[in-house]
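The opening position of the sequence shown corresponds to residue 0 in numbering that gives the first Met the number 0, with each subsequent residue numbered one higher.
Don't read these hints as lab results, they were simulated from the structure.
There could be a bad hint or two in this list.
Stated by the list, open to error - Pairs of lysine to any residue, SDA-like flavour, derived with a Cα cap of 20 Å: (1) Lys440 <-> Glu383; (2) Lys103 <-> Asn128; (3) Lys401 <-> Arg428; (4) Lys402 <-> Gln120; (5) Lys304 <-> Arg78; (6) Lys68 <-> Asn12; (7) Lys85 <-> Val69; (8) Lys234 <-> Asn166; (9) Lys85 <-> Ala310; (10) Lys234 <-> Met201; (11) Lys401 <-> Tyr444; (12) Lys54 <-> Asp177; (13) Lys425 <-> Ala442; (14) Lys50 <-> Asn213; (15) Lys144 <-> Asp92; (16) Lys401 <-> Ile125; (17) Lys111 <-> Ala386; (18) Lys402 <-> Glu427; (19) Lys234 <-> Asp177; (20) Lys440 <-> Cys429; (21) Lys22 <-> Gln283; (22) Lys304 <-> Lys17; (23) Lys103 <-> Asn135; (24) Lys68 <-> Pro262; (25) Lys402 <-> Phe96; (26) Lys304 <-> Leu79; (27) Lys234 <-> Cys100; (28) Lys454 <-> Arg428; (29) Lys68 <-> Ser252; (30) Lys25 <-> Lys50; (31) Lys384 <-> Arg435; (32) Lys234 <-> Arg174; (33) Lys75 <-> Gln283; (34) Lys449 <-> Glu432; (35) Lys401 <-> Gly415; (36) Lys111 <-> Cys100; (37) Lys17 <-> Ser27; (38) Lys440 <-> Leu400; (39) Lys304 <-> Leu101; (40) Lys391 <-> Glu123.
Since we're looking at a predicted model, the values are computed, not measured.
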Amino acid sequence: MANIDLAVRFTENNYATKSEVSKELKISVIDGVWDKILSYRSPFYHYLSIKNVDKNQFRVCLCPTISNKVNTADAKLVRLLNEFNKLNPVNRDSNYFEQECLIKCLQNIAIKDNYTSDEEQMREVIRGNGNRDLSNYLEALRYIKKRHVNSIDIDFLADLYSAVTNNSELTYFYRDYDGDELSNSVISRVYKFAPHQLIEQMMNGLFSFIDHSNLSPISVALISYYYISFVQPFKNFNEQIAVLIAKSVLAHSSVGEFAIYLPFESLLNEPVLEVSKRFHEVQQTSDVTYYFAYAIECANHYLDKMLDNIAEYSTTVIKNDFFQLDDLKAEEKVEEESTPVKEGKSEVVVPKEEIVEEKVEKVEEVNSQPKGLAVSYIPEELDEKAASRLEKHLLEMDPRLKKGQAHFYARHCTLGMFYTIEQYRKSERCVYETARTSMDKLAEYGYYEKKEFGKKYVYTPVDRK
0 MANIDLAVRF TENNYATKSE VSKELKISVI DGVWDKILSY RSPFYHYLSI
50 KNVDKNQFRV CLCPTISNKV NTADAKLVRL LNEFNKLNPV NRDSNYFEQE
100 CLIKCLQNIA IKDNYTSDEE QMREVIRGNG NRDLSNYLEA LRYIKKRHVN
150 SIDIDFLADL YSAVTNNSEL TYFYRDYDGD ELSNSVISRV YKFAPHQLIE
200 QMMNGLFSFI DHSNLSPISV ALISYYYISF VQPFKNFNEQ IAVLIAKSVL
250 AHSSVGEFAI YLPFESLLNE PVLEVSKRFH EVQQTSDVTY YFAYAIECAN
300 HYLDKMLDNI AEYSTTVIKN DFFQLDDLKA EEKVEEESTP VKEGKSEVVV
350 PKEEIVEEKV EKVEEVNSQP KGLAVSYIPE ELDEKAASRL EKHLLEMDPR
400 LKKGQAHFYA RHCTLGMFYT IEQYRKSERC VYETARTSMD KLAEYGYYEK
450 KEFGKKYVYT PVDRK
């Protein structure tokens, strides 16, 4: 009975190695206990079609605890996809969320490669500028999004590698050398990576495993990540390819193109010693569970954070871009600025508005009925497609405009309506001061007329027909 309890403890509570069991029990010879542990695990083994360098078949132990973690991760993926599909594509909620996810993905690649991971620099990469390696990785993600129905085979892998290396005319493909980095353990050979003569055969085995495995997609994805990380089929960028293939596996499942936004790049920045120890154990035993149990735990953690992010995001996005009077009342009260002016011993407080002479017309009565658009070259029914055309036209017509200003105005140009600085801030995801400056510039350029309403300023479109 005691050995059965130990078997459960060292499988379900912690999928321990033989040396970890010995250390935990403080017994040097544990063959009897270890046999019981292996006997307990045996019914839960799933033998995989992929093999190690010595042609031994890999296996994964889907005991109840690990299976539950897999099922939990699958459920989180479904929930994430459902929450994402609720985001409004018309006012670009989904676009903004996608961008935030891509920023996090790129930041993890940047951290791994010792690049600056500043958020604004990641935005530059998404805009088409910035670090070339990160731009190439982004192109590979976009390739997965476009081709997620294509079979994951050598051609698919070649296209991914071409994108990551920015080389559409590869003169070589798989690694064709080993170097002197293969090492020997005392008992048997333990490889740091596959000998180059076996790469093609092992990768073909991986493609077959991906195509025919009856495991859940997230299980296939994480096992594929491990396998490529071990085989190291290329001269460089193997870790990036491992993540891209894992995402591709999920993209080919019900997750679809949303898979590219999942933060599995975080796997690259898990503690090196911990991951190396688990990789080593897999190579010694052919039991991929030593890494898989760790990876599925990480995946659940990543998905939890993403669910928290999308929940927080969903509660703060604007669902109605048009200004209403009720919105003014609901906004935070802006503290009226004042400047003290001393006269002798007494202090007279003079409102700042009286010091700064600014010609701003006061709005005594607001008529918020729409009166058509301020521009005449697009239909009055301004849908997103038409707004995008107007945005592009504005940027080409007026070089003074910044992209955010053109984007906001193209969607907020109805005559007779009033728009606020706060609307600009939320729409363009910027700080208040940037929003204020941007709206004032638009007024200066003749796109809006700035008016005073109570303690706030509002902006109404000027007829530019």
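*Decide if the proposed pair is consistent with the structure: Lys440 and Cys429, CA atoms, cutoff 20 Å inclusive.*
holds (15 Å)
| query | Does the alpha-carbon distance linking Lys401 and Tyr444 stay inside the 20 Å limit? | reply | With Cα atoms ~12 Å apart, Lys401 and Tyr444 stay inside 20 Å; holds.
Tell me if the straight-line CA distance from Lys449 to Glu432 falls inside 20 Å. It holds: about 16 Å lies between the C-alpha atoms, which stays within 20 Å.
*asked:* So if I understand the rule, the pair passes when the alpha-carbon distance is 20 Å or less; does Lys68 with Asn12 pass?
replied: holds (12 Å)
* **20 Å limit on alpha-carbon distance, applied to hinted pair Lys304 and Arg78** => holds (13 Å)
Given the hint that Lys25 pairs with Lys50, test it: the Cα-Cα distance must not exceed 20 Å.
Status violated; Cα separation ~34 Å.
Given the hinted pair Lys111 and Cys100, is their alpha-carbon gap at most 20 Å? holds (17 Å)
**Message:** Just to be careful, I want the Cα atoms of Lys85 and Val69 compared with a cutoff of 20 Å; is the pair within it?
**Reply:** Answer violated: Lys85 to Val69 is near 25 Å, above 20 Å.
- Regarding the pair Lys391 and Glu123, is the alpha-carbon distance no greater than 20 Å? Answer holds: Lys391 to Glu123 is near 19 Å, not above 20 Å.
### Query
Within a Cα-Cα threshold of 20 Å, do Lys304 and Lys17 meet the stated pairing?
violated (33 Å)
Given the hinted pair Lys454 and Arg428, is their Cα-Cα distance within 20 Å? The hint is violated at about 24 Å.
Quiz item: Is the hinted pair Lys103 and Asn128 satisfied, with a Cα-Cα distance of at most 20 Å?
Solution: holds (17 Å)
Taken one by one, the earlier hints fail for this structure at numbers 1, 7, 17, 22, 27, 28, 30, 31, 33 and 35, listed in ascending order.
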